[in-house]
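Student: Please arrange chains B, C and D on chain A, whose structure you already have, making use of the hints.
Protein chains: 4
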Amino acid sequence: MAKAHRLEPQAWSNVLAAMPPALRVASGDTVVTETLDAVGMDGRGEQKASPPNPMNGPVFVEGGEPGDALKVEILKVEPVRDTGWTRGALSANVVDPEAARELPPRDRIEWLIDREAGTVRLERPEPALAGWTLPLAPMIGCFGVAPPQGQAISTASSDRNGGNMDWRGFVAGCSVSFPVFVPGALFFLGDCHAVQGDGEIVGTGVETCCDVEVRLTVEKGRRMRWPRGETSGRIFTVGNARPLDQALQHATTEMAAWLTSDYRLSAAGAAHLLGQVVRYEVGNVFNPAYTMVCSVEKKWLPKLG
Amino acid sequence: MAKAHRLEPQAWSNVLAAMPPALRVASGDTVVTETLDAVGMDGRGEQKASPPNPMNGPVFVEGGEPGDALKVEILKVEPVRDTGWTRGALSANVVDPEAARELPPRDRIEWLIDREAGTVRLERPEPALAGWTLPLAPMIGCFGVAPPQGQAISTASSDRNGGNMDWRGFVAGCSVSFPVFVPGALFFLGDCHAVQGDGEIVGTGVETCCDVEVRLTVEKGRRMRWPRGETSGRIFTVGNARPLDQALQHATTEMAAWLTSDYRLSAAGAAHLLGQVVRYEVGNVFNPAYTMVCSVEKKWLPKLG
Amino acid sequence: MAKAHRLEPQAWSNVLAAMPPALRVASGDTVVTETLDAVGMDGRGEQKASPPNPMNGPVFVEGGEPGDALKVEILKVEPVRDTGWTRGALSANVVDPEAARELPPRDRIEWLIDREAGTVRLERPEPALAGWTLPLAPMIGCFGVAPPQGQAISTASSDRNGGNMDWRGFVAGCSVSFPVFVPGALFFLGDCHAVQGDGEIVGTGVETCCDVEVRLTVEKGRRMRWPRGETSGRIFTVGNARPLDQALQHATTEMAAWLTSDYRLSAAGAAHLLGQVVRYEVGNVFNPAYTMVCSVEKKWLPKLG
Amino acid sequence: MAKAHRLEPQAWSNVLAAMPPALRVASGDTVVTETLDAVGMDGRGEQKASPPNPMNGPVFVEGGEPGDALKVEILKVEPVRDTGWTRGALSANVVDPEAARELPPRDRIEWLIDREAGTVRLERPEPALAGWTLPLAPMIGCFGVAPPQGQAISTASSDRNGGNMDWRGFVAGCSVSFPVFVPGALFFLGDCHAVQGDGEIVGTGVETCCDVEVRLTVEKGRRMRWPRGETSGRIFTVGNARPLDQALQHATTEMAAWLTSDYRLSAAGAAHLLGQVVRYEVGNVFNPAYTMVCSVEKKWLPKLG
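Residue numbers (the working numbering), protein chains in the order written: chain A, 1 to 305; chain B, 306 to 610; chain C, 611 to 915; chain D, 916 to 1220.
Same shape as in the complex, but just chain A (with noise of 0.2 Å):
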């Protein structure tokens, strides 16, 4: 019967790598956890971590292997505290060059976080966003397993085991699978954020901390290259690299993978599909590696071979 566990960390990790676990759980089991925001302040203003993105984790699913993928189905994303912040600037990297001369500077913004009316706010804004008020959204910024061949890599970046992939669809409701390199997967997260745009233009989201529950299954065998996952209405992939091409280029090859694999389809026949019903979605465009969505609606879908 699965388990629900809490994990309080004691200590938190700016890689994602192999090492010795936080917590050892069941495939199957859920797991909450308060995470820190991206510069390792907790939900009482204290400096528990180092940036970037200090993780909670990992913890061991047993029974992943090298080959299997692991399922994280998030169950619950919530801020745990009033306030977050974001940077009052552009990022360079997302405007025209020569343009990058005239940006402000990228000084720290304060927002509130209303919990009980599920909003978000400037607490300073300018005249012109006077009582512009946006919905919580919270999603998790930073998740996914240890990377294999010994690598540990910057909670910064991402990479085919996940990682710093800063797109606004990972709220609860989603689930997501990432391939396993590593005995007991070694699942991390953290770095939430309260709302966020596409790409992450100004370097963040609303970074906060959150109440965050997952449950983590190993799917035993399911050979994958890069992170796949659903939401009630479609399924999708996820590229990590620069520039947003190639992120592009390996979230498209694995939708094309997963289509000829278990949807009976030929390789034209996935060119058919994805030609006229994909859909793409820029997670991040500010990280070191940039992060593409790939997905489709389930009713375009063959029956499931």
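Heads up, a few of these hints could be off.
[Claimed, not checked] Straight line, CA to CA, 30 Å or less: simulated DSS-like cross-link-like pairs of lysine-lysine: (1) D:Lys991 with C:Lys909; (2) D:Lys991 with C:Lys686; (3) C:Lys658 with C:Lys613.
[What the hints assert, rightly or not] Computed list of chain C residues with no C-beta within reach of chain B, every gap over 10 Å: (4) Glu688; (5) Arg691; (6) Pro715; (7) Arg718; (8) Glu733.
[Stated by the list, open to error] Chain A side only, calculated, beta carbon under 7 Å to chain B, not exhaustive: (9) Val80; (10) Val202; (11) Ser266.
No lab work stands behind these hints, which were simulated from the structure alone. Where is the CB? At the ideal position from N, CA and C, for every residue including glycine.
Tutor: Only chains B, C and D this time, still in chain A's reference frame:
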């Protein structure tokens, strides 16, 4: 009073460039015209012009001068034949380079368009796609105005003046403004698709011929560097370039310029807004210039300054 | 018998395109002409044409047809005035994006050209550059032929037909062949630099006016997709595109095609050769299309097939 | 007094990371060691470690602290076996995407190394390459120091700390300094090539095992962000990233920083100098991070400040 024109082309152009107009209209007039498909076939299956993407036009819009914009309201895009076609493989540039070795041939694939039912389907589907039927979602692949400085830009590509952007959002109800570079703006259009996914990743949508109606209005003194547009729900900008990163830079820079010039936002204020609510859509990742669309829902915008 | 022509332009073009020729020559003839600088100033300091990069020409070369190549032997490139100019800052696109915030202004900087001494130096050097003198190394920044399909390509950019490649290797003694797309090839040239580093990273070389002499020879049926050339010691191909990765792909693909078609190498054999002896040079990383040159020393080549 | 050490590895690493040192040396000491080839084979044909690029080391250099640099003088790189190998096809990412469909298989190709004659040649050349013999030009493919923040970076890739840069310029006589991120710097090396072209475009040089000798010297307080180096004739910087454009940005930014900090040049003065005399070389365009080298001949530099 606005007039309704019908443009019956005698010749078609494979470039967007200054040339003698096929039609002269007043600002605010509407034009209806029937387009050829991407390889120059008309609605009756006759080869009328050469690829790539032969254009109807140009239309000279009175009063349009460099420094103005030409607003193109898309009033109607309706297929005029019962067939369309695609290419039967993902384009090599959207998959991982080594995976390109395994791509199927780029055969021409036939599709059936049912105008009554409002659907599109493969003529000869493989088993898993039997009965697979998509809703008709006709769009303009290539349209825009003459570029500056005597350039004649291939209808295979796109630039500040529009062109072959192949964004599935260019449907009836969408309005887009192009910067004007020559007297009369010189508007061109063609290359319609019955439906298309994001990115045009097989190198085509379902290529067909359409009856298109547009309203052409000069916006005096509306200085802009890249196309801007709106739908009922949002405003958007368009960037065209390779790599996709640069297309995104163009679109983002144009959106930030729009927000600061028209919506009373400082550069920092525009960053606060875009950082949390911006959306990106991939137009095409096939043509010499890729297309990225940057949008903001109108509900997030300050009152127009 | 080959004739020597002098082209005294009455008008200049800011695009490479099919247009009425300024001069007709036989294949094998030579042409001497004096170029304007990048902004249209002549050797006497008079403004004769508009930027960017006004071209002399076009020259119609008899017998040139689509499918042929036009060989351009650069016989002489000599400055005709005592001054040149550059921009006083690195271009924002060649530095890390956030570093672009700190770039100095793009002021026009004057240089002195000493034709007797064969040197170039700053007119007003800062102390650490006092006495800093470079050898004159005059080159052609922009030259090529009319592109296909009615295109008129800005002299700011480049493509298969050549154009604004800004490679410092285009000096006297170098020969380059362009694919011919229109009858007569229609050769253009201009935009000479007294000296330039790799990449044209301040957006200019030392911009000046030159007396240029070329020999123009039609190479019948020499099918090629990108420019090919040679110096006394090596053969080279040129790719023009963004990003630099794509320019490199074009140049490499063209070189592999050349080795397999003319040098009796299999595709694997071309890989063995290129893998161990290929050289790349960065032409420009400033213009809309970047330029990469791929070369092989002649001593490594098999005997011509 | 400087000591000469011999490092006989018992284990090899596939990452550059902080780990217990295999050897401790004083600043200024020399180290000789024999490397494995890229797949872990030693000079006697025994498989000793796993791919990719197993590293000898790390070497702890006393006195090295974060904020310092570690100067690595390459004193000797000499093959210790008579064979090497390459891949028999251009890498798909260096040719035009659609051309990747036609690439030959990536077979392993054997080469013969004649250490007496100082040559390298194909074991089974096709006819046109019969007798084709290259001079031995042994280089280090992968070397560097431990990266910051607990990262363990795969020896397939590279970053600020060096790694798998695969630049053919890393030969005896070259000196390169890496920024130090951890106490003792922790120097690694391996993956030597008997010869290699620019870009490592078949995915390998002629992979072999070498005897390598280096002198390791701590440069106290030499703050830098990317590797810097020098040969007898020039100084250079190295940028590692994808796309190549970004590698070039890193290398150029680092060179401009060097010129302004050490050579008494203003930012404008650095631009004047680099604009006219900079040279770029492509290290690799195969690995996850590409490598671009930016160099200036010493004769153009102001006296050191």
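Student: The structure should be examined with respect to each hint, and the outcome stated for every one.
Tutor: Verification of the hints:
Between Lys991 (chain D) and Lys909 (chain C), the direct Cα distance comes to roughly 27 Å. Compliance with the 30 Å bound is thereby established for this hinted pair. At most 30 Å may separate the alpha-carbon atoms for a hinted pair to count; Lys991 (chain D) and Lys686 (chain C) exceed this at roughly 44 Å. This hinted pair checks out: Lys658 (chain C) and Lys613 (chain C) have alpha carbons roughly 28 Å apart, not beyond 30 Å. Taking the minimum C-beta to C-beta distance to chain B, about 29 Å, the non-interface status of Glu688 (chain C) holds against the 10 Å cut.
Arg691 (chain C), annotated as away from the interface, keeps every beta carbon of chain B farther than 10 Å; the closest lies near 25 Å. Consistency note on Pro715 (chain C): stated as away from chain B, and its beta-carbon is indeed over 10 Å from all of that chain's, at 19 Å minimum. No Cβ of chain B comes within 10 Å of the Cβ of Arg718 (chain C); the nearest lies about 21 Å off, and the non-interface call holds. Remark: the non-interface label on Glu733 (chain C) is consistent with the geometry, its nearest Cβ contact in chain B lying 30 Å away (cut-off 10 Å).
For Val80 (chain A), the shortest C-beta to C-beta distance to chain B is roughly 20 Å, which exceeds 7 Å, and the interface hint is violated. At a threshold of 7 Å, the smallest CB-CB gap from Val202 (chain A) to chain B is about 4 Å, leaving the interface hint in force. Restraint check, Ser266 (chain A) versus chain B: the minimum CB separation of about 6 Å is within 7 Å; hint holds.
Hint compliance for this structure: hints 2 and 9 are not met, and every other hint is.
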